[in-house]
Each structure stands twice: as structure tokens, then as C-alpha cells.
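Participant: One line per chain: the protein sequences are E and S, in this order. If you read the first sequence in the numbering used here, its first letter stands for residue 5, the second for the next number, and so on. If you read the second sequence in the numbering used here, its first letter stands for residue 33, the second for the next number, and so on.
Keep in mind that the hints are not guaranteed to be accurate.
[Unchecked claim] Once the Cα atoms are required to be at most 27 Å apart in a straight line, the calculated DSS-like pairs of lysine-lysine come out as: (1) E:K46 / E:K62; (2) S:K47 / S:K89; (3) S:K49 / S:K89; (4) E:K72 / E:K53; (5) S:K89 / S:K43; (6) S:K89 / E:K73; (7) E:K62 / E:K72; (8) S:K89 / E:K46; (9) E:K46 / S:K47.
In short, the hints are calculated from the structure, not lab data. Note that the structure is predicted; figures quoted are calculated from it, not measured.
Listed here are the chains, written in short residue letters.
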Amino acid sequence: AQSVTQLDSHVSVSEGTPVLLRCNYSSSYSPSLFWYVQHPNKGLQLLLKYTSAATLVKGINGFEAEFKKSETSFHLTKPSAHMSDAAEYFCVVSGMGGSYIPTFGRGTSLIVHP
Amino acid sequence: GAGVSQSPSNKVTEKGKDVELRCDPISGHTALYWYRQSLGQGLEFLIYFQGNSAPDKSGLPSDRFSAERTGGSVSTLTIQRTQQEDSAVYLCASSFRGLAAYEQYFGPGTRLTVT
């Protein structure tokens with residue numbers, strides 16, 4: 005079975021400071037990994053994805069994530085937070101054990117203070 | 033192009049009534065997923081359709097829940113004899129193919145309230 009753990013339920017930052025949202029997954033080989041963002045009362049939108057190409061993945065709105073197989077991690081970062089980044093972020097893993105049903109983390113709520 | 037659409041956007045129903053939720057996926061996407069998102073919770077997988085294959089119903093919480101997908105396109109999620117614990121946002125997503133590397137495109141969701 006595949007699983008994904010988002011290590012923080014809430015992250016609070018000030019506008020202009022770096023953002024780090026942590027995600028770990030369980031697997032013995034390389035899965036596909038995704039980060040999605042959900043703004044209040046909206047559907048989910050893809051931020052970025054990793055599918056066994058470059059380990060450093062750049063996404064929309066200045067976000068990026070690095071796949072680290074040795075640490076089974078796929079943390080999401082952004083150098084400078086903007087107020088509009090306040091949202092719920094989901095780390096998703098797919099493909100482990102032949103499963104094409106993605107497994108979602110429980111989400112991290114990003115709070116951005118002015 | 034058009035994204036995933038869902039209707040209705042909001043649905044209020046009385047306990048014990050049946051409801052139908054509709055999802056129109058992106059044209060050409062063969063994979064379709066239904067999820068449930070309760071207040072402050074993550075996404076709970078309900079059901080997965082891939083092309084003409086039998087759907088994966090492993091996430092349906094009870095036999096009151098069912099879904100169908102007609103012509104490989106539009107899908108309807110039906111909840112019979114609704115209960116208050118069914119209140120949630122129901123999200124639909126489609127994907128180009130039901131393969132691990134393909135991202136999902138989500139609809140805006142249907143907010144179901146059971147009174």
C-alpha cells in the first residue's frame with residue numbers, strides 16, 4: 005500500500021519570507037508525486053509534478069519541490085510568500101504498487117501574515 | 033478549453049432523500065475519479081473509472097452510494113437515503129489516462145448539505 009504524510013497541518017509565515025511544506029511518502033521505488041493547491045471554496049489545482057525526470061521540479065507561482073529518494077521526501081518550497089499563497093496544499097503520490105488511484109496527504113494549511 | 037464541470041454547485045436535501053451529482057470531465061480524458069471532502073479534512077477516494085474497464089468502487093462508504101459513467105464521458109454519483117454524515121463537498125476529477133504520471137484536473141465541487 006502507498007501512503008503519504010504531510011508533516012504539518014498548519015504552517016504560518018509572514019509575507020516575503022520563505023515557505024516550506026513538508027511531505028514524505030512510503031515506497032521502495034520511485035512513484036509519481038504531485039502538489040496541488042486548493043483556495044477556499046475552489047477545486048484543486050496542480051502546482052507541480054515529479055515523474056522520474058529532473059529531481060528538482062518547478063511549478064506555477066514560483067513554487068518548486070525536490071524529490072529526494074534517499075529521504076522519501078518531496079517538500080514544497082517558495083522563496084518569498086505572497087498573501088495570495090494562503091490556501092490548503094495537498095501532497096499526492098501515485099503509482100506505487102501498480103495503483104493508479106492517487107493517495108492524498110491530509111493537507112497543510114498555509115497562513116500568510118502581512 | 034473547458035475544464036471539469038460539476039452540477040449542482042450546491043445541494044440542500046432532507047435526510048432520507050436521494051440525490052444525484054453530475055460531473056462532466058474534460059473531453060478526451062479516459063479516467064474519472066470521485067472524492068469526498070468533509071469540512072477541514074483531506075480527500076477521501078470514492079470511485080474510479082478508466083475507459084471501458086469495470087470501475088474501482090473500493091472507496092464507496094456504503095451501498096447507499098453508487099456511480100455510473102455513460103459513454104465514457106459524463107458521470108453521475110447517486111446517494112440514496114441521505115444521512116447527515118453525507119454532508120460534504122463532492123469533487124470530481126478527470127485525467128488523460130488512468131496512469132500514475134498523469135495529473136488530475138478537478139472540478140469546483142458540489143457542496144451537499146443534508147438537513
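Participant: Give a verdict on every hint.
Facilitator: Checked hints:
1. E:K46 / E:K62: Roughly 23 Å between the alpha carbons, so the hint for E:K46 and E:K62 holds.
2. S:K47 / S:K89: Holds. S:K47 to S:K89 sits at ~24 Å (cutoff 27 Å).
3. S:K49 / S:K89: holds, 22 Å
4. E:K72 / E:K53: With Cα atoms ~14 Å apart, E:K72 and E:K53 stay inside 27 Å; holds.
5. S:K89 / S:K43: holds, 23 Å
6. S:K89 / E:K73: violated, 31 Å
7. E:K62 / E:K72: holds, 15 Å
8. S:K89 / E:K46: Holds. S:K89 to E:K46 sits at ~25 Å (cutoff 27 Å).
9. E:K46 / S:K47: holds, 26 Å
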